[in-house]
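Engineer: Here are the chains, one letter per residue:
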Amino acid sequence: MSPARADFAARTQAAGDGRGLPFRKVLVANRGEIAVRVCRTLRAMGIPSVTVYSDADRSAPHARAGDESVAIGPAPPAQSYLNAAAILEAARRTGADAIHPGYGFLSENAAFAAECRAAGIAFIGPSSESMARLGDKSAARRTAAALGVTLVPGAEDLGSAGRARTEAERVGYPVILKAAGGGGGRGMRVVPSPSEMDAAFEAARRESKSAFGDDRILLEKYVHPARHVEIQILSGGSDAVALGERECSLQRRHQKLIEESPSVALDAGTRAAMERAAVALAVSAGYAGAMTAEFLLGAEGVFYFLEVNTRLQVEHTVTEMRSGLDLVRAQILIAAGRPLAEGLAPSDGATGPGSTRAPELRGHAIEARLCAEDAYHGYMPQTGKILVLAWHEEEGLRIDSGIAEGQTVQSYYDSLLAKIVAHGRDREEARARLLRALRGTALLGVVTNQPFLIDLLEDASFRRGETFTDTVESREWRAPTEIPDPALAAVAAFSSAPRGARGAEEDTDRYSPWRGLGAWGRR
Amino acid sequence: MSRRLLLRHAGTPLPLSYERKGSWVALDVGGRRFEAEVTREGVWFDVRSDGRATRCAVARGKRGVWVSCEGRSWLLEEERPEAAAKGAPSADELRAPMTGRVVQVAARPGAAVREGDLLVTIEAMKMEFRLAAPEDGVVSEVRCEAGARVELGDLLVVLEPRS
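Going down the list, the sequences are from chains A and B.
According to the working numbering, the first sequence is numbered sequentially starting from 160.
According to the working numbering, the second sequence is numbered sequentially starting from 2.
Treat the hints with care, since some could be wrong.
[Said to hold, decoys possible] Reference excerpt, derived from the structure (chain B facing chain A, CB under 7 Å, subset only): (1) R21; (2) W25; (3) F46; (4) W67.
[As the list claims (entries may be wrong)] A short list of chain A residues far from chain B (calculated; beta carbon distances all over 10 Å): (5) E227; (6) A245; (7) R329; (8) E366; (9) G496; (10) E532; (11) E554; (12) L603; (13) I642; (14) P645; (15) V650.
Derived by calculation from the structure, the hints in this document are not laboratory data.
Positions of the beta carbon are idealized from the N, C-alpha and C atoms, including for glycine.
Sequences are here, hints too, so could you generate the full structure?
Structural biologist: Below, the structure is given as structure tokens:
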């Protein structure tokens, strides 16, 4: 565990403040790194945890990250992690009285949130009413418009490709199609011209249906060049606090690769305006929990509202590194009906009188998403058995991982393996630290985007802060072809070592996320 | 005594022979010579040459030998004589580039296709990937169907190139 991770764990462990909450046991309805991460906070708060796993995830780290775990069905998400009935049954069987949905899967499903409550189980997230008002992209656009927030020109609830063509003509090509009921890039398609609309519309619909069980599609004018900037909100229902921004412009397939805070492109005035808009959205919906409002930042500080994510986001860690807060703990406290000030208090137990002011945001944080994909060949997803996994460790570095040596990365789920987050006094220090972490990490057995993340962070455009939503995909990135001689020397040394003395064939689990977590990690 | 390794990288043979005495390793890579001290520490191989130290990791898996060095990694296939004799797979076989599920099969047996025409759509990790014809030709066989699960390398479509 890196010192920063240790700090983070120690901070939350000292708290143990889950005792006295109305939750006896929390079920984490997710997988991978986020399930592991939520369990860590639950443990620190002294709340027993349950994880769930599909048949394909039987031996995945998250299946062992909680105090108990329950099999919920076959590998396809629709039969397991999206299977509301199986998850509620797992909660009943284990006596869990609250569910943390993580991100993706059922996290933004208002019907599931309502089902939980009907079953007497708390949903750690907003009410299904505020979720319906803000989480649904079409409804959120209407809410934002009513609050006077500028929208990207577009149209909601397109029933057919024909309707989409009509609306696209009205706002002008290129346009972008989005799943009304989801996020995370699924179902999104940029359509450059009318001839590509039919195929794009059907593909967006299929992806949306398969990922979210909802095939409503909306259309927006495709604004570029633009930056993706989002505001993190913690809201107590009637009062909300903004915790600064994250810039997430570097994306491929509309999925984020690198996120940072602060954004180099945001001046104090624009930041304040964006924060005001995000707070207004939260308060207008009586929102209780963690929320993110996403904006497109165009030239000269003009910004447009994109959407609200009514859940914890993948990149919430960037905000945690700058604020010192544990956003999962804050979510749990808010869901338990505690005042917002408790969620905003440092989790080291030294709770003062409580204030609903945002904590000071310190330094600069950058996150890189390590994914099982071949970035040099169309970001093609990759599978394989992880033969070696050794993380770089240093102060100011946090690694949230959902993988372990010996585990097989499969094709059923998202390609995200781990998040590597570096904090520094300034952007350059954070960047250099993240590069050291990426260069010093060995992950063998499955192709990942690790070298591509290094390329991006080393690129002159990133150094200059010239990051736009089309930066990644508008350029051709080439894999290094030459294998360096030191690597070949290592292969020679490996090959000539007697069998059994080769590192990768030993059961080296020293860097497993379970190390240092005590007996509960392995049962 | 010099030893040879029969390796391929990205389909290209990588002629490599080496000598080793203790931690000293001398390589011959297609005529280029490289000498280094190589020591082990856990999963790491520390390679020192000309005053420069580099950390590498190596592992052998089903698909070959993986090596990583400063955050970049390579898969070296171990060449077998019979595989070398067969040569590279013919360009008119469209194989699954990943494990996943077939969403849509656009290719019809006997149909003429142009380079770039959609043949098969595969879904993996909840994203759709479109596999297109690598050149003009005629679809001679379709070996997959919508809804089926496919493994990496499975034959999906055979294309007869236009002569």
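Engineer: Any Cβ of chain B at or closer than 10 Å to A245 (chain A), or is the non-interface label fine?
Structural biologist: Non-interface label stands for A245 (chain A): nearest chain B Cβ at 19 Å, farther than 10 Å.
Engineer: Since G496 (chain A) was said not to touch the interface, does its Cβ keep a gap of more than 10 Å from each Cβ of chain B?
Structural biologist: Holds: least Cβ distance 35 Å, greater than 10 Å.
Engineer: Does E366 (chain A) clear chain B by more than 10 Å, comparing its Cβ with all Cβ atoms of that chain?
Structural biologist: Nearest chain B Cβ is 6 Å from E366 (chain A), so the label is violated.
Engineer: Decide, holds or violated, for the assertion that all CB atoms of chain B are farther than 10 Å from the CB of R329 (chain A).
Structural biologist: Given that every Cβ of chain B is farther than 10 Å from that of R329 (chain A), nearest at about 27 Å, it holds.
Engineer: So E227 (chain A) supposedly isn't at the interface. Is its beta-carbon more than 10 Å from every beta-carbon in chain B?
Structural biologist: Holds, because the least Cβ-Cβ distance between E227 (chain A) and chain B comes to about 28 Å, which exceeds 10 Å.
Engineer: Does W67 (chain B) hold up as a contact with chain A if the rule is Cβ-Cβ below 7 Å?
Structural biologist: The hint holds - W67 (chain B) has a Cβ within 7 Å of chain A, the shortest such distance being about 4 Å.
Engineer: Taking the minimum C-beta separation from I642 (chain A) to chain B, is that value above 10 Å?
Structural biologist: 5 Å, violated
Engineer: Does L603 (chain A) really sit off the interface, with its C-beta more than 10 Å from all C-beta atoms of chain B?
Structural biologist: 4 Å, violated
Engineer: With a cut-off of 7 Å, does the beta carbon of F46 (chain B) approach a beta carbon of chain A closely enough for the hint to hold?
Structural biologist: 4 Å, holds
Engineer: Does W25 (chain B) meet its interface restraint, that is, does its C-beta lie within less than 7 Å of any C-beta in chain A?
Structural biologist: Violated: closest Cβ of chain A sits about 10 Å from W25 (chain B), beyond 7 Å.
Engineer: Any Cβ of chain B at or closer than 10 Å to E532 (chain A), or is the non-interface label fine?
Structural biologist: 8 Å, violated
Engineer: Is the nearest Cβ of chain B still more than 10 Å from the Cβ of V650 (chain A)?
Structural biologist: The claim breaks: V650 (chain A) does not keep its Cβ more than 10 Å from every Cβ of chain B (closest is about 5 Å).
Violated hints, in rising order: 2, 8, 10, 12, 13, 14 and 15; the structure is consistent with all others.
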